[in-house]
Amino acid sequence: MALSPEYIENEQDLEVVVRGPGDTNRLFIYTGTAVFNFRGTGGSWKRDSISFEVGRSFTSSQFRKAIATASLASISNDGTAANAGWAVDRVDVKRSSSGKMRITAKLAVRDSDGYLQRMAYEVNVLAHL
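Numbering (numbering that gives the first Met the number 0), first residue to last: 0 to 128.
When the alpha-carbon atoms are kept at most 27 Å apart in a straight line, the in silico DSS-like pairs for lysine-lysine are as follows:
(1) Lys93 with Lys45
(2) Lys105 with Lys45
(3) Lys105 with Lys93
(4) Lys64 with Lys93
(5) Lys105 with Lys64
(6) Lys99 with Lys64
Between beta-carbon pairs, the in silico distance windows are:
(7) Glu52 with Leu26: 10 to 20 Å
(8) Asp88 with Lys64: 20 to 30 Å
(9) Gly98 with Ala1: 18 to 28 Å
(10) Ser111 with Asp12: 33 to 43 Å
(11) Tyr6 with Trp44: 18 to 28 Å
(12) Ser56 with Val15: 16 to 26 Å
(13) Ala1 with Gly41: 17 to 27 Å
(14) Arg46 with Ile66: 16 to 26 Å
(15) Gly78 with Val15: 42 to 52 Å
(16) Asp77 with Ser50: 21 to 31 Å
(17) Glu14 with Ser111: 43 to 53 Å
If you're looking for bench data, these hints aren't it; they were derived computationally from the structure.
Built from N, CA and C at the ideal position, the CB exists for glycine as well.
Construct the complete structure from the given sequences, taking the supplied hints into account.
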């Protein structure tokens, strides 16, 4: 079951006029920090994903392409770290049924008291408006 962020901190967007590739005339950049709580359960990696939507809605005729990146923004350990680890393994983005960009990131945490609490992201969208 995918995690959902409690909220998005410092959500920002930028619209840039571009010429190409092809008929693309806009680049949209969306950034922010997803805040959530994902706790490890022991010495093995615990894996899950987080998924959420960002940005404005695009029709299928407006949308051209999107890419995303994400990184750890807050990790912690309650006690002494014992073979602890935290990871953002993969990030995908696609246009959802609402037309917004849906980010899905594969996360991992290891250690019984290890926490992954924040993930910074950036999504770049090419569109024709």
